[in-house]
Amino acid sequence: MVPGSQPEEFSVSAEILALEGDLEYGEYLASECTTCHQADGSANGIPSITGWETEPFVTALHAYKTKHRDNEVMQIIANRMSDEEIAALAAYFKTLEN
Amino acid sequence: MTINRRHFLGSSAAAAAGLAAPMVKADGHGKPRVVVVGGGAGGATAARYIAKDSKSAIDVTLIEPSRMYYTCFFSNLYLGGFKEIEDIGHSYGTLASGGVNVVHDWAIGVDRDAKTVSLAGGATIAYDKLILSPGIDFVEGAVEGWDVSSQNAMPHAYKAGSQSELLKAQLMAMPEGGTFAMVAPPNPYRCPPGPYERVSMVAHFLKNNNPTAKIIVADPKPKFSKMALFQEGWADNYEGMVDWIGSDFGGDSVSVDPNEMTVTIDGEVTNVDVCNVIPAMKAGRIAELAGVTDGSWAPVNAIDMSTKADPDVYVLGDSSQQGDMPKSGFSANSQAKVCANAVRGALTGSKVYPAKFSNTCWSLIDTDNGVKVGATYEATDEKIAKVDGFISATGESAELRKATYEESEGWYAGITADMFG
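If you read the sequences in order, they're chains A and B.
Residues in the first sequence are numbered from 1399 upward in steps of one, following the working numbering.
Residues in the second sequence are numbered from 195 upward in steps of one, following the working numbering.
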């Protein structure tokens, strides 16, 4: 499997996808992400995570959390995120333009 | 007489608020003031986030002597020829445009009673909250025969910039079949894998330009960060070139003679062509002058990076003694965001979220051969404590190593954008 990709069959529950993210908390949590992922959406070796729709964003983080996606940095970062924190991040990064 | 803000609050608003915790406000001053000393991964990040997130509600002054900041991280890649010196240099123009008052001067004193910082240029700057992020200084007398006056003959190149350029020039001028020596530092020090990535980058350069040259490393430690990965990498890519002498073999008994260009390891004198001396380290001098150090480093509270000595003085990054995080640019950047959130909360009443920290250190062994080690951390009452971690494995595929190197390039672009805007 290519690092960072996830199996097609991986999905998260409708309840998790329906969680409404707290934007302000998302902005704070996002500061951990922007050490590597650029806030302006540029990508030079690390993918852009700005402007994503909620479902793929939340699904990707849950895939890292459950080790269905293959990147050790992302696995340990996602590992300690709660469902609410993932929703908050998704809500915040969705507001950033690509 | 002007109305003193504290008196005003004291007579009306605070009384009405009952037992609510008072916010820290500047006496006789419209806006609370934060002074940040040191414009690296900790200081630049803290200054930028406080200015950005407070939306001009806080005056932020950053004191940094250099107009152009060269990152210590990736300076080894410059030595190896993977980066140009310009690639690791950053100016403060965008930070200034973003509302940070950037002052290019040296902070030479802190009066914690008056809450002021004095500058070499003569100015005195008042603060409500002071954030010190001065990186490292070297312990005097740490390597017998070496002091800062010999850093031209034997560069440390552990504060990037002119020292990196000097070491690169010396490397390029080495005679055919010459000897490059490194005196590695004792724990704890900035960037644990740094000396060994440097050995790899020097070896890469020599393999291509001076393949009969040798590298000797005298190390006061019996083992080092990512040791198995580096030793595998040296054996696979630079066979017979690197002689690492750990403390078990006399590497902890070292002296140098910068005039004679000799290194003496466990009594044996060796003539060398280049000698990279990386001495033992301590907190940047201003932390000591501020009286917030205990021994070599400044003990801090994990929850917000405030010092044990003074709740209004914070220390970030290399200078702090915080617990389990390695001294790295990534760590300093991570700590800066926790600190910025806490300082903003204390000064403006904005929401303060729980501290979360993380770190990853990437190292380049050879072309497209990157490795990494990382961990997540949390604040406990005692320290910043490790939660979870990983390290690259020996014997990984070339594809994965290439992906790891590309990831490190992405990280460099990310963290420098995060620091400097």
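Note that these hints are calculated values from the structure, not bench results.
Since this is a predicted model, take the numbers as computed values, not measurements.
Among the hints, a few may not be true.
Stated by the list, open to error - Which bits of chain A does chain B cover? Going by a derived footprint, with three or more residues having C-beta under 8 Å, they are:
(1) 1426-1440
(2) 1488-1496
As the list claims (entries may be wrong) - Lysine-lysine pairs mimicking DSS-like chemistry, simulated, CA-CA at most 25 Å apart:
(3) B/K277 <-> B/K225
(4) B/K502 <-> B/K545
(5) B/K277 <-> A/K1492
(6) B/K309 <-> B/K225
(7) A/K1492 <-> B/K580
(8) A/K1465 <-> B/K309
(9) B/K502 <-> B/K309
(10) B/K353 <-> B/K415
(11) B/K580 <-> B/K401
(12) B/K225 <-> B/K577
(13) A/K1492 <-> B/K309
(14) B/K277 <-> B/K577
(15) B/K408 <-> A/K1465
(16) B/K417 <-> B/K502
(17) B/K502 <-> B/K415
To be verified - Reference excerpt, derived from the structure (chain A facing chain B, CB under 10 Å, subset only):
(18) E1422
(19) P1445
(20) W1450
(21) E1451
(22) P1454
(23) N1469
Every residue gets a Cβ at the ideal spot worked out from N, C-alpha and C, and that includes glycine.
* **Hints violated by the structure (listed by number, smallest first)** => Hints 2, 3, 5, 7, 8, 11, 12, 13, 14, 15, 16, 17, 20, 21, 22 not satisfied by this model.
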